[in-house]
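2 protein chains.
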Amino acid sequence: MQKFDSSMMDFEERVDIDDFESEVMERIYSKPLLIKRVNTTSQIAIVGANVCPVESLDYEVPENELVNEDWRSRRTVQIFQYILLKWAFALIIGLSTGLVGIFNNIAVENIAGFKLLLTTELMLKHKYYKAFAAYAGCNLGLATSAAALCAFIAPAAAGSGIPEVKAYLNGVDAYSILAPSTLFVKIFGSIFGVAAGFVVGKEGPMVHTGSCIASLIGQGGSRKYHLTWRWLRYFKNDRDRRDLITCGAAAGVAAAFRAPVGGVLFALEEAASWWRSALLWRTFFTTAVVAIVLRGFIQLCSTGTCGLFGEGGLIMYDISAAKVVYSTPDILAVILLGVIGGILGSLYNYLVDKVLRTYSIINERGAAVKILLVIMISLLTSICSYGLPWLATCIPCPADASTSCPNTDVSGNYKSFQCPPGHYNDLASLFLNTNDDAIRNLLSTNTVKEFHISSLFIFFVAVYCLGIITYGIAIPSGLFIPVILAGSCYGRLVGRLFEPISKLDVGLFSLLGAASFLGGTMRMTVSLCVILLELTNDLLMLPLVMLVLLISKTMGDMFNKGVYDQIVKLKGLPYMEAHPEPYMKHLIARDVVTGPLITFSGVEKVGNILLALKNTGHNGFPVIDEPPFSDAPELCGLVLRSQLLVLLKGKAFSKDRVLAGNKVLRKISELDFAKAGSGKGLKLEDLDIQEEEWDMYVDLHPIANTSPYTVVETMSLAKAAVLFRELGLRHMCVVPKSQGRPPIVGILTRHDFQPEHILGLYPHVRFQQ
Amino acid sequence: MQKFDSSMMDFEERVDIDDFESEVMERIYSKPLLIKRVNTTSQIAIVGANVCPVESLDYEVPENELVNEDWRSRRTVQIFQYILLKWAFALIIGLSTGLVGIFNNIAVENIAGFKLLLTTELMLKHKYYKAFAAYAGCNLGLATSAAALCAFIAPAAAGSGIPEVKAYLNGVDAYSILAPSTLFVKIFGSIFGVAAGFVVGKEGPMVHTGSCIASLIGQGGSRKYHLTWRWLRYFKNDRDRRDLITCGAAAGVAAAFRAPVGGVLFALEEAASWWRSALLWRTFFTTAVVAIVLRGFIQLCSTGTCGLFGEGGLIMYDISAAKVVYSTPDILAVILLGVIGGILGSLYNYLVDKVLRTYSIINERGAAVKILLVIMISLLTSICSYGLPWLATCIPCPADASTSCPNTDVSGNYKSFQCPPGHYNDLASLFLNTNDDAIRNLLSTNTVKEFHISSLFIFFVAVYCLGIITYGIAIPSGLFIPVILAGSCYGRLVGRLFEPISKLDVGLFSLLGAASFLGGTMRMTVSLCVILLELTNDLLMLPLVMLVLLISKTMGDMFNKGVYDQIVKLKGLPYMEAHPEPYMKHLIARDVVTGPLITFSGVEKVGNILLALKNTGHNGFPVIDEPPFSDAPELCGLVLRSQLLVLLKGKAFSKDRVLAGNKVLRKISELDFAKAGSGKGLKLEDLDIQEEEWDMYVDLHPIANTSPYTVVETMSLAKAAVLFRELGLRHMCVVPKSQGRPPIVGILTRHDFQPEHILGLYPHVRFQQ
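Just so you know, the sequences run in chain order C and B.
Position 696 (the first sequence) corresponds to 696 in UniProt numbering; numbering is contiguous.
Position 486 (the second sequence) corresponds to 486 in UniProt numbering; numbering is contiguous.
Among the clues, some could well be false.
A pair holds if it fits inside one copy or across any two, identical chains being indistinguishable in the list.
BS3-like cross-link-like pairs, simulated, lysine-lysine; straight-line CA separation at most 27 angstroms [said to hold, decoys possible]:
{"no.": "1", "residue 1": "K683", "residue 2": "K649"}
{"no.": "2", "residue 1": "K605", "residue 2": "K651"}
{"no.": "3", "residue 1": "K605", "residue 2": "K737"}
{"no.": "4", "residue 1": "K323", "residue 2": "K569"}
{"no.": "5", "residue 1": "K663", "residue 2": "K683"}
None of these hints come from the bench; they were simulated from the model.
Could you build all of it, start to finish, from the sequences and the hints given here?
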């Protein structure tokens with residue numbers, strides 16, 4: 001341990017301080033990144049541009065005079081307001097996410113519908129090249145707009161957004177991930193991207209959108225423009241913000257899939273790292289609101305007031321018409337489907353990872369290159385969508401078709417494409433449709449022969465590959481739809497192959513195929529099961545869907561991690577796993593504490609604090625009381641960088657080294673410590689400390705958290721990690737086992753529990769059980 | 001702090017030691033109990049007989065040489081076995097719970113069916129008194145059998161069992177709650193009780209049954225009969241047992257309602273206090289197995305091989321025939337239904353509480369009185385069921401009835417009772433049926449006029465009252481069915497009243513009524529929603545069911561707690577709430593530590609240990625190292641009573657006060673510390689320590705947990721409670737803030753966080769925010 005003293009320190013020493021022990025680690029963020037460990041110290045090499053900070057969140061409830069003062073001053077009416085406001089927020093999040101979901105769907109259906117109408121009209125006139133030009137041109141224009149929005153306004157809006165939300169709910173706040181600009185780009189970028197015919201979904205972006213909305217609402221106005229509502233200060237902390245964003249993520253899923261219960265379970269199973277019963281109830285309320293909003297609008301739109309938005313939008317694949325009967329051979333077929341689906345799903349994850357790593361290098365070269373990549377993928381997608389249907393032979397329309405055949409509508413199956421009257425092109429029904437409609441066609445029941453086996457095979461390969469190379473380009477892109485699309489096509493293919501021995505409808509096989517792919521890539525169980533049931537409105541499929549999900553998840557877990565976990569890791573976000581790694585049992589807390597530790601006295605010189613803030617990136621500083629303030633040195637608390645900045649700005653300084661708690665309390669209230677939005681807090685540069693004030697003293701007692709959670713230095717790292725994770729800490733103090741030593745050994749942060757850090761220090765423990 | 005020294009202690013002093021600080025608190029258990037605080041010390045007055053111990057569970061992972069040794073000795077193959085076994089257990093739990101569920105249903109349907117057939121036949125011959133005698137006689141016989149089983153073999157099997165399972169999963173092990181005898185009585189008592197026509201369900205008992213099965217399987221053989229399987233030792237700890245029992249509880253719900261997803265959610269929302277993603281998956285697997293078992297047997301039974309078990313058993317109320325259309329007036333009606341349902345639900349809780357308190361006094365007087373109470377309630381139920389239908393007027397059969405009318409079958413609607421041919425008695429269709437069939441009749445759709453409003457009203461009042469007075473008598477009795485029965489009757493009543501302005505089918509109103517009552521009593525949301533949807537197979541009702549549940553839960557929460565929480569409290573089980581009470585913010589950890597604390601030296605005299613074990617009920621003893629083993633006194637760890645007993649039995653004693661870790665390790669392995677089943681561990685009486693061994697020394701270092709979680713004495717009680725609850729601790733060490741004092745201030749246990757204890761010490765803090 002090293003006591004900080006400005007006089008002791010010259011420039012060389014300062015540089016020696018390991019900035020990487022701090023949590024505000026400079027990391028590339030806006031694109032998938034590669035982090036390489038260059039040596040065994042705790043340094044991290046950064047590859048790429050767009051360096052931006054990642055900040056840990058703190059769910060610990062601090063205790064000090066200031067907080068106590070604040071609690072005492074709260075009256076019952078304020079607590080009632082707080083509770084009321086929580087529910088009001090949930091209501092508003094539900095309403096706005098529902099409305100955005102509706103808007104998104106109407107916009108996509110209308111834009112894509114216009115594009116498809118134009119193409120179909122030109123096709124009917126046999127102007128095939130013009131049709132392709134129109135089709136590819138529309139796609140290209142939309143794709144470029146989406147890419148431009150992403151590249152220039154909010155790079156954080158690219159991709160699914162679920163990994164980032166997941167990391168946020170685990171306690172990692174990546175810069176601008178929930179900013180208003182991200183929200184804006186996410187909504188419009190997603191509309192353009194999906195309408196551009198990419199093999200991407202709007203589901204992941206909806207989750208991100210819901211979370212952004214929740215974050216904005218929780219922020220409630222801006223302190224910069226003096227628009228802060230006083231009540232809202234109670235929500236300006238990481239705990240309440242986490243709850244709101246959990247509600248937002250659930251609302252996003254509910255709006256995307258029209259699956260309110262599935263939304264709650266998604267938030268619970270995949271997104272959230274901490275959960276409690278009260279939150280379950282609040283999320284449930286939020287998604288109920290979403291469901292009601294959606295229902296209302298769909299009723300409104302069913303009267304034809306929403307343009308081309310008809311049945312097409314808001315995916316809901318009613319398969320309840322199919323009779324669910326199955327026996328032993330069907331179950332064997334389903335098991336096989338699950339096994340292969342799981343393997344293909346984990347292969348999907350593997351390939352997505354490889355592609356992301358490649359794209360991260362390409363995307364580093366600037367916005368223009370990003371947009372160029374999007375243009376290339378867009379052209380490739382257009383060529384596939386328009387070109388591949390030419391490989392299919394025209395099929396005579398079935399006599400008992402429930403819809404018109406051939407179909408020249410915007411959506412629907414039995415697309416005529418180049419075929420003569422009375423015939424349809426089955427591949428065109430899949431390719432020249434929105435993704436939602438393609439899935440609906442694949443899931444259609446009682447239509448065994450609608451698609452040729454060869455067509456299904458071509459579509460499967462094309463979609464599988466396009467899905468992989470599309471994720472990672474600079475547009476908002478969900479993973480659900482590509483996976484469901486590939487999975488349901490695969491399922492229908494298997495269903496056709498098993499047709500001779502199976503009684504199960506191919507439409508139901510299609511559903512099971514989608515389940516197997518989802519299980520194999522995302523590795524969720526209960527939430528996917530409920531989402532699929534809510535989507536298809538057929539509870540009788542429950543046992544089979546459960547079976548397939550269990551099998552495919554088990555298969556997938558043998559090979560690699562779930563796709564979201566993989567992306568979190570790839571982005572270098574310091575995610576805390578629920579379980580400590582086995583090797584952590586063989587290390588003790590003291591082993592991974594990296595120094596030197598900077599501590600303050602209970603009453604500290606302003607200059608020392610300023611220097612420490614300037615020269616280190618540390619966010620937490622232990623405060624040690626020494627004689628005359630105590631008999632022996634003792635740990636008096638932990639003070640945060642943000643608190644010190646507020647305290648210094650308040651200038652409650654004294655000339656002498658005396659306790660001055662009341663003076664501080666008079667100048668500063670708990671309100672001043674309300675956490676600002678990401679990256680908007682007070683900075684060191686905002687302070688204006690005069691030369692003569694450097695030698696004055698400031699009392700840290702009133703603001704220091706007097707009871708930080710501590711562990712003894714000899715506690716195993718695994719046990720310390722459990723404490724850190726379960727309580728959602730940002731700093732954990734390590735105290736000495738024996739007496740007579742300085743009262744603190746070091747501080748553990750999220751970073752110290754990362755495998756990279758630990759294995760960097762102790763490479764040999766990796767293979768210990 | 002007081003150092004324990006046998007020479008210092010005489011009998012009077014020993015009696016002074018406050019036994020109630022320990023956790024093995026003597027409590028009445030087998031029946032609802034009253035605990036009164038008699039003074040401000042931590043003593044608890046016990047009212048009633050059947051005193052039996054309650055033991056806390058410990059989810060902390062201990063760390064010491066022994067455990068490390070054990071970890072080092074584990075090979076990869078063993079770890080693989082462990083994981084495999086986990087899944088095998090889940091499979092076995094699913095299979096056995098599914099089979100028990102089937103057995104239960106077949107037995108109930110056949111016994112109750114025989115009884116009802118007999119009664120109906122006598123009715124048809126107009127032998128009304130004989131019919132009543134047969135009906136009441138059968139009921140009485142079955143009721144007495146159930147009561148005798150409960151009263152004489154396993155008193156713990158009475159009641160629902162869900163509160164006890166909930167408490168177990170919170171860390172409170174009540175004696176014999178998961179014993180084999182309890183399982184036996186629960187299965188057969190539930191069959192007899194339900195068949196006896198009581199207004200009780202088999203759902204709560206199924207949850208308890210599933211948990212008992214899981215506990216038995218986890219125990220895996222008996223050490224007493226040398227039948228222990230070596231592998232299973234890894235499961236002999238509270239953590240793994242908790243996981244198994246969570247799976248068991250989920251399997252129970254899945255088997256009771258045929259609702260696999262609902263089962264998982266029930267375990268998550270209501271039963272479990274700790275949850276993690278891996279468990280979600282395992283529970284899901286268990287309930288999937290249950291679903292498959294049930295499906296298989298139902299297919300088997302549909303061929304008529306299960307006697308009278310036809311459609312009747314395994315509740316599944318398909319309402320998907322009804323068209324779900326609703327508009328604004330319907331929604332207003334539904335909101336009103338939710339509000340009143342919530343109020344009636346919380347009134348139900350209030351009355352159940354009052355009745356339970358009364359019964360607990362009656363039941364104290366012995367087994368005979370218990371049985372007498374059951375007989376009285378049985379007679380009352382028989383009189384109501386047989387007598388009240390005479391109040392109804394006969395209704396002409398509808399022309400378009402889908403089933404035969406009047407119906408003389410076992411189950412079904414349109415019971416003829418005393419009516420002339422071509423007429424039916426609507427009240428008899430509800431009363432003279434199994435509860436499952438009565439609910440099915442109430443939920444029947446497209447049959448608006450089937451029941452008179454007056455009949456519905458009579459049935460509602462009767463069932464509401466009977467449900468309240470039946471819970472608490474000495475039979476296994478679930479709460480779900482009474483609540484659903486009363487709720488669906490109430491819903492149908494409201495539906496009939498709103499008929500002129502509402503388009504919603506009365507059968508759907510009935511479902512919503514059941515939802516409102518369930519929400520009002522049980523206060524669950526997501527799990528009830530999913531259970532109801534799985535029961536009724538109609539996803540389109542989702543938004544309305546959500547709405548009703550939210551409203552009724554909100555209304556209920558205004559008045560009192562959920563019924564299970566209430567019963568846990570009434571039984572005096574020291575349940576740890578998820579959130580600390582507001583007043584805990586104003587106390588610090590030191591405030592509630594009650595002394596005197598008994599500590600041991602690192603190498604302690606055998607006699608001192610024996611005396612401490614004998615004279616206190618403490619379960620955890622801090623071990624303090626003093627010179628010459630350390631420079632200054634330091635906390636070396638925490639040793640448990642059970643560990644000390646094993647250590648003393650092993651007799652690894654030394655003549656001198658020296659470190660003898662290796663000697664201890666040679667004599668004792670981690671296997672010896674495997675936790676025995678409830679109440680089956682080593683007892684002080686089992687030790688055989690010679691007089692001369694009293695003065696020998698034993699080294700506690702190898703077995704003491706070297707890194708117990710600690711808090712500083714000045715930490716607020718609220719913050720300490722969060723740590724205690726989140727990590728599932730049994731003992732939490734409170735350490736001094738300043739140096740130079742003894743290294744431990746005291747130990748906090750579950751008991752110290754109970755409101756009774758805290759408010760006993762500090763009555764004035766109750767109203768502080």
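Structure versus earlier hints, numbers of those that do not hold, lowest first: 4
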